[in-house]
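Given the structure of chain H, go ahead and fit chain E onto it with the hints provided.
2 protein chains.
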Amino acid sequence: MQKSSEKVTYLKAYPLKGYEDIQRVKADLDAGCIVIVRFTPLIKKSLDELSKSIDDIYKYVMTIGGDIARLGEDRIVITPPGVKIFRESGLKY
Amino acid sequence: MQKSSEKVTYLKAYPLKGYEDIQRVKADLDAGCIVIVRFTPLIKKSLDELSKSIDDIYKYVMTIGGDIARLGEDRIVITPPGVKIFRESGLKY
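Line by line, the protein sequences are chains H and E.
In terms of the numbering used here, the first sequence opens at residue 307 and continues consecutively.
In terms of the numbering used here, the second sequence opens at residue 307 and continues consecutively.
Same shape as in the complex, but just chain H (with noise of 0.2 Å):
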C-alpha cells in the first residue's frame, strides 16, 4: 500500500497581478498544483490585461487536461489533470 505522505499535492491561491503572473500558473499546474487566483487586482489595473490572462490560463488548462471554474466573484479555480471540478449550483460563475 502506497503510504499518502509520499505524494502530496499543493493547493495555492494567490492574487493575480499581471499578465506575467500566469507563467506562475502554468508552472504551478505543471508541479501538478491545484491554484487558486484571486484576479480583483487585475480588475482594477486593466481589463483588457484581465481578459487576456484569463483567456491564456484557460487555452493551457484545455491543453493540458485540467479543470476551470470561476469561484464567486474574484476568483477562479485551476486544477490540474487528475483533479476534477464537481459542478453544481453552490459554484457561482
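FYI, nobody ran anything at the bench for these hints, they're computed from the structure.
There may be inaccurate statements among the hints.
Since the list gives no way to pick one copy over another, a pair counts as held whenever it fits inside one copy or between any two copies.
For lysine-lysine, the following DSSO-like pairs were computed, each having C-alpha atoms within a straight-line distance of at most 27 Å [to be verified]:
hint, residue 1, residue 2
1, K323, K390
2, K313, K323
3, K332, K313
Remember, predicted model here, so these are calculated numbers, not experimental data.
Just chain E, lined up with the frame of chain H:
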C-alpha cells in the same frame, strides 16, 4: 506507469446552509474530495450555528490529518490528507 485517469480527485464547492451540512463536508473529505464551502448563508441564519459548524469542521480536519484555510471573506477551503494548503500572503485569513 499509472494512468492519471484511474485516480481522480474531486474539488467540490457548495454553500454551508446549516449545521447539518457539515455531515456532507465530512463525507466528502472521507471520500478524498477537496471542499470549498461558502459560509455566508450561515452568517445570516445564526452566528452560533456558524461558529459551531466551523469549529466542528476544524476539529474533524485535524483528526483526519487534512488541512483548512480561510479564502477571502466568504469561504473556507478544506482538504483531505495528502492535499496541503500552501500558505502565503495571497491567501487571506
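Comparing the hints with the structure gives:
Taking the shortest alpha-carbon separations for K323 and K390, both the intra-copy value of 26 Å and the inter-copy value of 24 Å come in at or below 27 Å. Within a single copy, K313 and K323 get their C-alpha atoms no closer than 30 Å, and across copies no closer than 33 Å, so neither meets the 27 Å cut-off. Proximity of K332 and K313 under a CA criterion of 27 Å is satisfied in both settings, with 20 Å inside one chain copy and 22 Å between copies.
Comparing the model with each earlier hint shows a violation of hint 2 alone; every other hint is respected.
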